[in-house]
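Visitor: Residue numbers (numbering that gives the first Met the number 0), protein chains in the order written: chain A, 0 to 434; chain B, 0 to 141.
Check each hint, because a few of them may be wrong.
Straight-line Cα separation of at most 27 Å, DSS-like style, residue types lysine-lysine; simulated pairs [stated by the list, open to error]: (1) A:K407 / B:K39; (2) A:K83 / A:K26; (3) A:K390 / B:K3; (4) A:K429 / B:K39; (5) A:K383 / B:K73; (6) A:K383 / B:K3; (7) A:K431 / B:K15; (8) A:K424 / A:K390; (9) A:K383 / B:K123; (10) B:K126 / A:K383; (11) B:K15 / A:K429; (12) A:K23 / A:K204; (13) A:K66 / A:K45; (14) B:K55 / A:K390; (15) B:K15 / A:K424; (16) A:K383 / B:K17; (17) A:K424 / B:K126; (18) B:K15 / A:K407; (19) A:K309 / A:K23.
To spell it out: a stretch of chain B is covered by chain A in this simulated footprint if at least three of its residues, at any positions, have a beta carbon under 8 Å from a beta carbon of chain A; those stretches are [what the hints assert, rightly or not]: (20) 17–28; (21) 40–48; (22) 123–135.
What the hints contain is simulated information worked out from the structure, not anything from laboratory work.
Heads up, the beta-carbon is just placed ideally off N, CA and C, and yes, glycines get one too.
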Amino acid sequence: MPNYYQPEIETASREKILEIQNEKIVKQVRHVYDNVKYYRDLMDAKGVKPEDIKSVDDIKKLPFLSKEDLRIAYPYGLLGTDLKNCVRIQSTSGTTGKRVVAFYTQHDIDLWEECCARAIVAAGGTNEDVCQVCYGYGLFTGGPGLNGGSHKVGCLTLPMSSGNTERQIQFMMDLGATILCCTPSYAAYLGESLAEAGYKPEDNKLKAGIFGAEPWTEEMRRGIEKSLGIKAYDIYGLTETSGPGVSFECEEQTGMHINEDHFYAEIIDPETGEVLPEGEKGELVFTSLDKEAFPLLRYRTRDICVLSRKKCSCGRTHVKMSKPMGRSDDMMIIRGVNVFPSQIEAVLLKEGYPPNYQIIVDRVNNSDTLDVNVELPPEQFSDKVSDIQAKEKSLEAAMRTMLGIGPKVHLMPPHSVERSEGKAKRVIDKRKLHD
Amino acid sequence: MAVKQLTAFIENQPGKLKTMVEAISKADVNIRAMSIADTKDFGILRIIVSDTDKAKAALAASCVTSVIEVIAVKMTDKAGSLAEILGVLDKAGVNIEYMYAFTAPADKGAYVVIRVDDNVSAEKVLKENGIETLTDAEIEAF
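Looking at chain B on its own, in the form it has when it is part of the complex (with noise of 0.2 Å):
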């Protein structure tokens, strides 16, 4: 199952993040996991948090923002595994955008968010290999 990303344009600027991590800890949701990419002028922020429309409503007022869905990974805690599931991928020919990695205090677990340009044969492969994949749900009740 893929889970829900929230994505936020944010001006290259000091105290912009800040303000809008405080707007989203205002509105109570707490923030799973995080990345940011930055060129020269701007930066895209990418969290997984745990109330994706409570966030999105929070930042509606200070920055553009979109929801989209990516996947997150279950990882077992040994050499190789990521190896192998970007090579469940590779063989499936789905192509990967952008990952970042987050562990969950709840089970100790590794996680990777993957953002691919075809979620279906991404899930798809995933499954056939036996490679878990969290939900909404999961990610809401870390």
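Next up, chain A with everything else stripped away, as it sits in the complex (with noise of 0.2 Å):
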């Protein structure tokens, strides 16, 4: 039986979203215009018009937004509206150049949580349900959006934020959550606690779990959905357009479907910029069509995924996209938090040392590990190991404010960190998270 939150928009027809989608962007694209003056410059620089955006198809015609418009602009440079009208920031971790900072009006955190609404009930949740959010509490989108997502839907919910593991379980079994919120990593770990603790998968009352925040593949979802007595859905969203809940799965199972009233979704070329047809593989862009203080026009995600229109049997008939099959630049998203290379390449330089490192990454018990090999200058060396492994504390210490998750570091000899030809091949991701 599908369930919507908002029946007449989640399956309206394809003609009225189009409809609602012509008449938001013609009035977005003016409400940016008129507000954001780096947005204005970027159109005035490729000479368009608000008056040339007539309807999505003219979308194309305008200017991209990337991650480095946000560090240029940041942090009021794309603000949308006066700071009193604001109510809310999010953000992500990591340098003044990798953090992201969104506002929110009012408006804006009604329609994002909205959006997490549909996801929950589409995942089968009613003002009976027990929601259980273990996404971090805080700047992250994860458990705010969630939390408001399920006020909506009514549900009990029990804000629980991320970690403490024996909590958790002692939450989910004497409230008796039926809904868990939290990352597919520390779902699948909980689902092992929960084990190690002698729970059977039927001893608990959950029946559904929205996980998203990170990259995780079909085999993950069989296991999380066999050692929890659940079905688990996917869902998608970054602290650039809102937060979680830009798309979310239906019973289905067979891809996202994306809040297309409030997010434009394009799939580009990334090194062309093309837009490129429906069914192909491509760059996410996403422009917001009604968000008032951070109004993102063609926000180039970064995400590589496609599109798909083909008609769902959930009655949905928003476009639905695949699960991000890869990035096209070099962050890496770990244990919920993206990552940056570079992050983890001003800490060293600030801590005075050499950039010669390698970053590795793995899954181990269903969690995320971050291990950083550092090559020792010479000059900080000890024959006491003692002062060898303080360094190391230290340097981790400085990278846990960095990046917001804790590295293991292990300082190395020099000229122990593996050089490919030219380019050090900083990255060594061991995980499996694409199918």
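Please dock the two separately framed chains into a single complex, following the hints provided.
Guide: This is the structure:
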């Protein structure tokens, strides 16, 4: 039985959706042009006027925005309204350059939470459910987004935030959680921890899980579904567009419906920037159709995926995107956190180490591990193991502050970090993230 | 008198130590004493050699090295003599980082190499208590 939070919009005809999008994009481009000088300059440089955009077909005339633009415009350069109209910020971790700070008006929060509510209802959520949210709360969008969506649906919300597995299990069992929201790797870990604590999959009351913020495979999905006795749904989003809920899975589990009444999606060739026809693999680009405070137009996500308009058995008419199949930049998602090699390099330089390092990412017991091999400069060498270990600890702490997750640092002799010809092989990702 | 200890950083991989020891032997330097501290990721080789400068030069190409001063104490071969030495250092508030032992065939003596946080105080109290320490010249002559 299909479940919709907003049936009239979620199952609207293609014509109706286009009508909504066309109406919104005209207003949105005008709003951005009038309020965001940074984007106005980009449009002027390209010779595009707001009146040139009459429908979503004209979106391809607009200039792209990239993470680099966000860096240049940090923090207020892409703000679309007065700060006094804003009620919240959310942010990703990282250096000033890599950190995304997104602003929200109450309207923006509402539409974001509605998107999350659609995802929860699609997973079978109603006001009779107990929704356990163990995404991190705070600047990270995961916790606040699903928390807000859960409120909108009317679920009893358990705002657990991340970590403290023992307490998660206790609340899950004592309060009879029926829906679990977290990263897929944490869901898998919870499954194992429940088994270790002697619980069988049928002992918990969970029926569904909404998992996102990091890549996961079909194989992982089946493992989580088995260990928790649930159906596992994927959810996608990024801070730049709002947060989780930009797209979400229905019971068909064959891709995520993009909330097209709020976000217009394009697939482009990452090299040429050319829009690719439906069904072709390329970089996903989003245009926010009605956000006020942080209205990004043609934002390049760097996620590589495919869009499909094949009729879905759930009755939803919104376009579906595949799971991201990779990145068109060097960003890694580790334990749900976006990490760039350049952030690690910045810490090394600041702490007086040469930029000779190697990042090794792996997944051990369903949890991502991040190891950084760093060459020890001769002048920092000591005959005492404790000195070298203290240096490792201090680098780990500096990286944790920068990245938001803790790596394991290994100091190595000079010239021992592998160099491939010309360009060093900086990252070894041993995880199998894509089917 | 303190003596020179050559210290080298070694990757925790098969063959690494052998390469280093071979380089020292090619330089015709004799290793008098050695100790290796190991962690999961790396090792620290600590050696007392017949010619520290030559050994350091021999290793320069392949690894990071440093030379520091340690104290080599001559021990009498009887129960309690190490305890006595440590007691003297303890009383003076000298902290020991690590230590290792070796014997010298020339005088059949037993020696203990002690790395302390304060060489000056250590040498002073050892001398005051009549405990003999080795010099670089003595080590070279072994």
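Visitor: Each hint needs a verdict: does it hold in this structure or not?
Guide: Tested hints:
1. With a CA separation close to 12 Å, the supplied pair A:K407 and B:K39 stays within the 27 Å bound.
2. Distance check on the hinted pair: A:K83 and A:K26 sit about 21 Å apart at the alpha-carbon level, within 27 Å; holds.
3. Restraint check: the Cα-Cα separation between A:K390 and B:K3 comes to about 25 Å, which is no more than 27 Å; the hinted pair holds.
4. Of the pairs offered as hints, the one joining A:K429 and B:K39 holds, with about 20 Å between alpha carbons and a cut-off of 27 Å not exceeded.
5. Restraint check for A:K383 and B:K73: the C-alpha separation of about 23 Å stays at or below 27 Å, so the hint holds.
6. For the proposed pair A:K383 and B:K3, the alpha carbon gap of about 15 Å is at most 27 Å, so the pair holds.
7. The straight-line distance between the Cα atoms of A:K431 and B:K15 is roughly 32 Å, outside the 27 Å bound, and the hint therefore fails.
8. Under the criterion of a C-alpha separation no larger than 27 Å, the hint pairing A:K424 with A:K390 is consistent with the structure, at around 24 Å.
9. Taken as a hint, the A:K383 and B:K123 pair is honoured in the structure, with Cα atoms around 23 Å apart against an allowance of 27 Å.
10. Between the alpha carbons of B:K126 and A:K383 the distance comes to roughly 26 Å, so the proposed pair stays at or under 27 Å and holds.
11. Restraint check for B:K15 and A:K429: the C-alpha separation of about 26 Å stays at or below 27 Å, so the hint holds.
12. Under the criterion of a C-alpha separation no larger than 27 Å, the hint pairing A:K23 with A:K204 is inconsistent with the structure, at around 42 Å.
13. Among the hinted pairs, A:K66 with A:K45 is consistent with the structure: their alpha-carbon atoms are about 19 Å apart, no more than 27 Å.
14. A C-alpha spacing of about 24 Å is found between B:K55 and A:K390, which places the hinted pair at or below 27 Å, so the restraint holds.
15. Distance check on the hinted pair: B:K15 and A:K424 sit about 23 Å apart at the alpha-carbon level, within 27 Å; holds.
16. Using a Cα cut-off of 27 Å, the hinted pair A:K383 and B:K17 holds, with the two alpha carbons roughly 21 Å apart.
17. Taking the CA atoms of A:K424 and B:K126, the gap is about 55 Å. The hint is violated against a cut of 27 Å.
18. Of the supplied pair hints, the one linking B:K15 and A:K407 holds, its CA atoms being roughly 23 Å apart against a limit of 27 Å.
19. Restraint check: the Cα-Cα separation between A:K309 and A:K23 comes to about 24 Å, which is no more than 27 Å; the hinted pair holds.
20. Closer than 8 Å: that is the beta-carbon criterion, and the region 17–28 of chain B has 0 residues meeting it against chain A, so the requirement of 3 is violated.
21. Figure legend: the region 40–48 of chain B, annotated as covered by chain A; annotation consistent (4 residues with Cβ-Cβ distances under 8 Å, at least 3 required).
22. Remark: the region 123–135 of chain B is not confirmed as covered by chain A, as 0 of its residues place a Cβ nearer than 8 Å to a Cβ of that chain, below the required three.
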